[in-house]
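Work out the full structure: start from the sequences and follow the hints.
Those protein sequence lines, which keep their order, are chains A and B. Here our numbering is used: position 345 in the first sequence is 349, and no number is missing along the way. Here our numbering is used: position 171 in the second sequence is 175, and no number is missing along the way.
Keep in mind that a hint or two might mislead.
It does not matter which identical chain is meant; a pair holds if it fits inside one copy or across any two.
To be verified - Below are the SDA-like pairs computed for lysine to any residue, each with C-alpha atoms no more than 20 Å apart in a straight line: (1) 116 / 258; (2) 271 / 233; (3) 271 / 335; (4) 116 / 126; (5) 87 / 143; (6) 87 / 145; (7) 116 / 352; (8) 116 / 247; (9) 282 / 309; (10) 116 / 106; (11) 122 / 260; (12) 181 / 289.
Hint data in this document are derived by calculation from the structure and do not stem from the laboratory.
There are 2 protein chains.
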Amino acid sequence: MIAGAGFAGLTCARGLKNAPVDVLLVDRNNYHLFTPLLYQVASALLDPGEVARPVRELIRPLGNADFRLARVTGVDLERRALKTDRGELPYDYLVLATGSQSDYFGNASLAKHAMGLKQMEEGLALRNRVLSRVEATQWIGDRERRRNMLTFAIVGGGPTGVEMAGALSELIRHVLKKDYPHLDLGEVRVLLLEAEDSLLATFDPALREAARRSLQRKGVEVMLGARVADVTDQSIRLAGGEEISVGTVVWTAGVRGSEVGALLGVKLLRQARVPVDKTLQLPGHPAVFVIGDLAGAVDGANPLPMLIPVAMQEGRRVAATIGDMVRNGGASAFVYKDPGTMATIGRNSAVAQLGRVRLSGFPGWVMWLTVHLVNVVSFRSRILVLINWAWDYLFYDRPIRLVLRAYDDHPD
Amino acid sequence: MIAGAGFAGLTCARGLKNAPVDVLLVDRNNYHLFTPLLYQVASALLDPGEVARPVRELIRPLGNADFRLARVTGVDLERRALKTDRGELPYDYLVLATGSQSDYFGNASLAKHAMGLKQMEEGLALRNRVLSRVEATQWIGDRERRRNMLTFAIVGGGPTGVEMAGALSELIRHVLKKDYPHLDLGEVRVLLLEAEDSLLATFDPALREAARRSLQRKGVEVMLGARVADVTDQSIRLAGGEEISVGTVVWTAGVRGSEVGALLGVKLLRQARVPVDKTLQLPGHPAVFVIGDLAGAVDGANPLPMLIPVAMQEGRRVAATIGDMVRNGGASAFVYKDPGTMATIGRNSAVAQLGRVRLSGFPGWVMWLTVHLVNVVSFRSRILVLINWAWDYLFYDRPIRLVLRAYDDHPD
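In structure tokens:
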């Protein structure tokens, strides 16, 4: 049984296709989310159906996999049963791949006022917020109040923060400017706050600097060494005491393992990750594996980063191990191969670091486009995403500028 | 000033493009919804971005139009001001085009338990409901309980009810059946309840019968002469006393003018429509026009139906009248020209009635496809809608089977 249908869980299920096992995938959502493009949902470029696919559609070709929609509420390691809000599910082997969530480091003001960008719902809420705020300023006569409503702070200078800041600045300056002839771009601020002294810490220094310059050209104010101490609904206070008038705060500066980790009754590592053996097994419980962001796997002394390639490689490794174990073999150690990383800064600009290759600017952007388009999960999504990207590129237009109010239903 | 950015209001704004006036469109949503395809959102075929366009994008080419996002809360006819939840807006001429809403005829059980299909949010809520229910039955051992959860009743045999019932039955029988190998289609019921003794009352009798047969072939149980008396969350009771076990009720059997009508302080007509002169002016208030579903315009003795062609023609007429009035001319009477009606029953089947032409089955379906594709509001949407339709047609696949939980933000 696999808990979590993200990149780790789905890759593991696919790896078990030809193993003599029945696979049951459990997730609280009925879809797999292509998280690298979530910021494009938030910036009104893509629709939800273009970055998410139903899990059942993805596992249909496997033949030996089924799905249950449920939230994990506990793990009974002795009786070998996964507890969920819908009932208990017995397992022979359990793979925990429930991913990560935003980490506000116990700061209640952040948890209350900052918006996350990890789930589909958070992407849609952020899209609604940006569009509603710009729309609402049309009614506001007071210039200071308008400036506050038009100031968006992205906290965290990792790839998600960099991509979101670039996309948001482009959305407002290129697209919304056409919608709002009276909008004074001098009243708009997009801030990118990073506590350390450079963006994209995992990248080569030359690429970090290229990213910073590129963001600034796009109108993003990059603030380095800016540690957020406190947030209200109208401001950010920095650790140094400085207070900034900000209407919307997006938090991308911290992630921690999902809450499922705490249900295991083991001492968690840094970032609430679950300690695992070299074989990705839970120590003392050879039938339980932990993979993806939730797993605290190490490469030598260093914990592996929470990245999709790590998750997918771990999923593939564990699928092979389970295949071996049911054939009475043993578990093998996991070894991570770094394929490189990349981040896009918007139109015509990205940074990429693949082995010894370093790309920035337009070549980096072409590389980013290609890798992401090839990896979008289905052929149909590829066509639709390509059309939307081309539309945006040619016409400086974001097609999905819809403020959809919250709608609710009472699912069983 | 125009209140409402539906087909009536938008057509009126477009008709005023070359008039020496400033147009202000006011709507509670920031988008124009292509309502004829809303049932395709509800049946997981299209994404919101494909059936809705931002109002600001649509009015950009007009040059003399602006937009305000607000909900109408009153009309001060003496002081010539539109009251909204955001503030007051003065007008010289006012066009009320706020459309219609579901009418439950004062039946509290209906209002509480039935789902509507007029707004984008309702279409998304219905999609969530259908997908969640089918998913949830995977946990249910009790056959009767499963049957109840898998019974969907569409109330109302007009075009919306017919289209929704056909699309829902196809979604479950062709698409979801592949996702759920264990789903027993014998436990699924899609009912279409109509109080009168035939479907599609406005169509030719031969077409009505063709529609009924086509729906039955698609697995829809058509119940004629079935008047709903009462609804609970697990059943429908008919006027004759019969009780049917039903898990989901969709209400398309009644519409009434929007609540803005009641704010005018005039006696409303049947279906809460606002009485108007032949010129579509509010009697005694020549600066106020009412168009679209909200307007109780008559053709001879008969009230005009709540249809898009009526709304668009009224919008065009009023735009011309206002153009004449600002040039010191007078108002002209509105005359409706019926272009015909059509309804689709699903894959390969539709009925169309255009002048003396009557089409059903496959030819009707081709006509329906063509007319709707040409009329989808933008070129980009046309491409995307066409891809999704082709995908569905070729692969019996509905791409957007995502259960998106309610997400909320606090817009200003």
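Status of the hints after comparison with the structure:
{"no.": "1", "hint": "116 / 258", "in the structure": "within (15 Å within a copy, 42 Å between copies)"}
{"no.": "2", "hint": "271 / 233", "in the structure": "neither (28 Å within a copy, 59 Å between copies)"}
{"no.": "3", "hint": "271 / 335", "in the structure": "neither (23 Å within a copy, 80 Å between copies)"}
{"no.": "4", "hint": "116 / 126", "in the structure": "within (14 Å within a copy, 29 Å between copies)"}
{"no.": "5", "hint": "87 / 143", "in the structure": "between (50 Å within a copy, 13 Å between copies)"}
{"no.": "6", "hint": "87 / 145", "in the structure": "between (54 Å within a copy, 18 Å between copies)"}
{"no.": "7", "hint": "116 / 352", "in the structure": "neither (35 Å within a copy, 51 Å between copies)"}
{"no.": "8", "hint": "116 / 247", "in the structure": "within (18 Å within a copy, 47 Å between copies)"}
{"no.": "9", "hint": "282 / 309", "in the structure": "within (16 Å within a copy, 71 Å between copies)"}
{"no.": "10", "hint": "116 / 106", "in the structure": "within (12 Å within a copy, 37 Å between copies)"}
{"no.": "11", "hint": "122 / 260", "in the structure": "within (11 Å within a copy, 41 Å between copies)"}
{"no.": "12", "hint": "181 / 289", "in the structure": "neither (57 Å within a copy, 38 Å between copies)"}
In this structure, the earlier hints numbered 2, 3, 7, 12 are contradicted, and the remaining ones agree with it.
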